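So the chains spell out like this:
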Amino acid sequence: MINKLSSLSDAVNKYVHDRSIIAMGGFPLSRETPIFFKEILRQHRAGILNVNDLTLVGPSITLGGSMLVAEGLVDSVISPFAGHERPGLSVIAKEALEKGLPRKIKWEDESNLSLAMRLMAGALNLPFITCTSGIWGDLKKQGLVEGMGPYPKNIVMEDPFGSARKVALLQAIMPDISVLHVPFADIHGNGIVLGSGYHDIWISRAGKNTILIADHIIDTEACRRYPNLVMFPGAGVSAVVPWRFGAWPTNCVGLYKEDVDHMQYFLKNSRRETLQEYMEKYVYSWNSHDEYLDVIGKNRIDFLEDDPSTVLSEPLRPWILPADKVAALLPG
Amino acid sequence: MINKLSSLSDAVNKYVHDRSIIAMGGFPLSRETPIFFKEILRQHRAGILNVNDLTLVGPSITLGGSMLVAEGLVDSVISPFAGHERPGLSVIAKEALEKGLPRKIKWEDESNLSLAMRLMAGALNLPFITCTSGIWGDLKKQGLVEGMGPYPKNIVMEDPFGSARKVALLQAIMPDISVLHVPFADIHGNGIVLGSGYHDIWISRAGKNTILIADHIIDTEACRRYPNLVMFPGAGVSAVVPWRFGAWPTNCVGLYKEDVDHMQYFLKNSRRETLQEYMEKYVYSWNSHDEYLDVIGKNRIDFLEDDPSTVLSEPLRPWILPADKVAALLPG
Amino acid sequence: MSDNGNHKDLLKKYTPMEFACCASARYCADDMNVFVGVGLSLLPAQLAQRLYAPDITIIYEGGTIGATVVGGLPWGVDVTCIQANAECHTDVVGTLGWLCQKGKVELTYLGAAQADKYGNLNTTLRGDDYLRPAARISGSGGAHDLAIGSKTFVVIMNHREDRIVDKLDYRTTPGFCEGGRSRWEEWGFAGGGNGAIYTDLAVLRPNPDSYELEISEAYPFTSIEEIKKKTGFDIKVAKNFKWTDIPTEEEIDIIRNKLDITGDYTGWTKIIKKN
Amino acid sequence: MSDNGNHKDLLKKYTPMEFACCASARYCADDMNVFVGVGLSLLPAQLAQRLYAPDITIIYEGGTIGATVVGGLPWGVDVTCIQANAECHTDVVGTLGWLCQKGKVELTYLGAAQADKYGNLNTTLRGDDYLRPAARISGSGGAHDLAIGSKTFVVIMNHREDRIVDKLDYRTTPGFCEGGRSRWEEWGFAGGGNGAIYTDLAVLRPNPDSYELEISEAYPFTSIEEIKKKTGFDIKVAKNFKWTDIPTEEEIDIIRNKLDITGDYTGWTKIIKKN
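Protein chains in written order, with our numbering: chain A, 1 to 332; chain B, 1001 to 1332; chain C, 2001 to 2275; chain D, 3001 to 3275.
Please note: incorrect hints may appear among the correct ones.
[To be verified] Lysine to aspartate or glutamate pairs mimicking EDC-like chemistry, simulated, CA-CA at most 16 angstroms apart:
(1) C:LYS2151 to C:ASP2030
(2) A:LYS106 to C:ASP2030
(3) B:LYS1099 to D:ASP3129
(4) C:LYS2230 to C:ASP2166
(5) B:LYS1104 to D:ASP3129
(6) B:LYS1099 to D:ASP3128
(7) A:LYS99 to C:ASP2166
(8) C:LYS2167 to A:ASP18
(9) A:LYS166 to C:ASP2129
(10) D:LYS3239 to D:GLU3212
(11) A:LYS141 to C:ASP2128
(12) D:LYS3236 to D:GLU3161
(13) B:LYS1141 to D:ASP3264
Hints in this document: simulated from the structure, not taken from any laboratory. Everything numeric in this text was worked out from a predicted model, so none of it was measured.
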């Protein structure tokens, strides 16, 4: 087992390429990876990463994905949902879809199950898989737009073993990068999740390279004591980026709650008139992890960390490595 | 949530029927459910359960399944393996397959992955599913014998989305009963597993009714503190049978090791000349759980419980309900 | 109650969505596995759990099972106050793929932007061009999957002429498909389909032969005439039509003081001064 | 070493299976993910981990990853002494379905009862009738799946005329299928196929064009003649043929004192008195 720790900037620079297909874990209010998308934007603006025409795959388009869309870096989205649940729909995704601003994007609608099954097919190296969903209605025919006209997506097939039942054949999704947020990971890439699994198992397995963003790096001994809590085995993980509060403003169950105030603030400032100012502060202004935390604010962090779900992480907290030790383990 | 505790005899009597398809979890040396099969034999001999022509599905045929075969109660087996790993092949399964004694049984060979995928299809209510395994060689054509001649089993299909890759279409397995052993379960049917998952997630989900055999009943509060350790959600479980050492002579990771001496003893006594005596003692002689433990023997139990994997169960042990409280919760 | 409804004074005491919540909560019973979606559909299952059906198990699509919510009504199915106190966490494949498709979910609550006369739903877009929708909305989420597998599902939504329609702008989620027995005979879906739609005016249920929605109940503050006017197809009145019961004091107490404390979901704070 | 082999005196110091273990252990390198099956295939990966490749991650098909075995050689892949000290537990779908099929397993050790000239394996039965086999053996287990997806796999097995054969009694596990490029062009399998077969006499490797097995190495206690006699098809000697290195003292020390303490796997206690 080798040390897979990586800085945020190295992970983005090494794995994200022009036209990459990027799958993100989590759910609209939980364990998303906005920090990874922010770093793409930062490197793009700094001219050290040349990306365009990205394809985003995931449970929804919320804060991070929306900003990539707003900056015109996204060609296509494959997702079952276009918003933040109750805080609201993605203003930016709506503008791209309804008005083609700042550019037209392609959107492939899935259901939550059909998305999971397409990723499962990718994970199991199957070109296609069967699904009970996707045989009826418009979900089955709205594929990613080819020549600006919709084309048939799912294929409906009758059971060849004689039950007369019909299923959909769904094409696999094989992302170039799968990026997921975890509360805890060790240096070997073993990632622990507390709370719901969403699509994460299959997203993490479908990617050519899988990157974990971890609030805390823990001693491998914690994995050996709680090996059944490891949702992402290091054997399948390419890099682990230590980044406390990386999931913010989504939650990280076990550590902090979702920041719905900030989500609403983001949605209010999602129009082009105000977005640039928002991004200056929340994407570009900071130059270190400490400054990133300052932008969120200590009071805000304390408020978000005062959460009933923290009871779930109690057994793991004693194994958290101190920041200086993690810094020493980071390459470079 | 309701109380799903059941006595062993009630669970067998209620869910096992003539020609039932029974899927068993675990692996050849680990977390199998011999006690469930012993109870079928006991009720069959006592004339209170009329079963015949059972179909067994699982990772292997070892102690419990072998004895059902020896008593002539089995019509068919679907499995990737016919033995106990290093302790040896199933003497009884070999005799049935090679010599048709005591009766001819049908055997459908799978690989570990193709078995898991067929069960996954059953779990997801899909009539069939795709698999990378099962397109080459003899695995794909040896289905359960129809009219005593083998017939094509898997169907080979080329990717309709144009990759030119071939996959197998595997027919779903939908057992009537899925029975799995767990170290800990609560009265709502939430089952915790420590160690490897084997085929268990998909076996547990594929069954029309899922029955857990649990070494210990724990307070539901333990599930609420470690909800990510619950592999089998109570919402999908029909009954929980408290039965300490129910997995013996296979292991239960976290509680006791595999009893390889007993497996070898069983294999040595698997010939018809000696099997009846073995079964008299280990299947029929006892009349209560205490007597069952006496048959294993206190020294043996102490030896098996002295195991390095017990470190994994430490966080859960404080939540074990005492025997009298469990007895009071059992219906009837 | 009344033969003609139109008791507008009721709207000073109760909001239309309180009627919808209380009526739909009564669908829960015994030890059902109940699946709950985002938004207003979070409310009735929790109301039922506190009042009529304490043994139900609530399932959220992200993977949370058997949770007791800590605090008020959550902002989504994946918030920490739902996940902090659950009996088990699985994932989307476990909830939507297994429990739901395998027939282990008795009841699902859904929301929708549009429903057609066969109870099919649209939550994806408004307008007639997928490539340039007049309004993009959320998408399926898990609704498509739940509607296929759940033994029954009920919908809570607004009642307007362009919401309860003859033809959907986008067919996201199957109800009774093309009507009659088509849901089962043509499509082979495992679940029972759309049990009822609770709008802010009425309860619509499928006719047992044609599977076309009918006015099964109406809230007593409205009238059949108003409902028909606000429906986008020529809706019939069911044989066993009745006026919906007025919410009980107990129901209202729990909604206002325990679940929807801010009134964000049911809007009750717009008619009643908060203490 | 020698031009003709036949140094029978070596068998007083080493067993044939010790040769097979030491030779096959050298296949492990760097930070490979290495998949280990039941039986003799448990040994070389652990030997390599202690000697040449400490950073490999050992994976067992039941779901155990990154385990350090507590105690001696285990009786199976699912015993508690393997599971007690692992970094992670997943399941059969995670190991065989994902890691292996997705190309994340660099090397797999397998056993077999029969291999044919294209490295295809039989672990299911002996005889020519599936319905009434002369001898039923274990079955595929995970071998079929591992041979398809693993970047390479190696086999440890006995060398006899009815074991290394022209035609298998049952085709359990694909090597190079029908030879040539058929494994990839006809069947499209992701993995690289059979890297080597380590028998108790020799190391057989595929010819790079025909993919037929050749005698790539021989253990110096045997001879080409003996190997040919004990092979069920007309096997050729590889261009780069060499005599296999004798096990080092270090290797033997670890096998006899750390891994196969009882000699059950390699049989060394039959030639050497245990201290």
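**OP:** Mind listing which of the numbered hints don't hold for this structure, in increasing order?
**Re:** Structure breaks hints 2, 7, 8, 9, 13.
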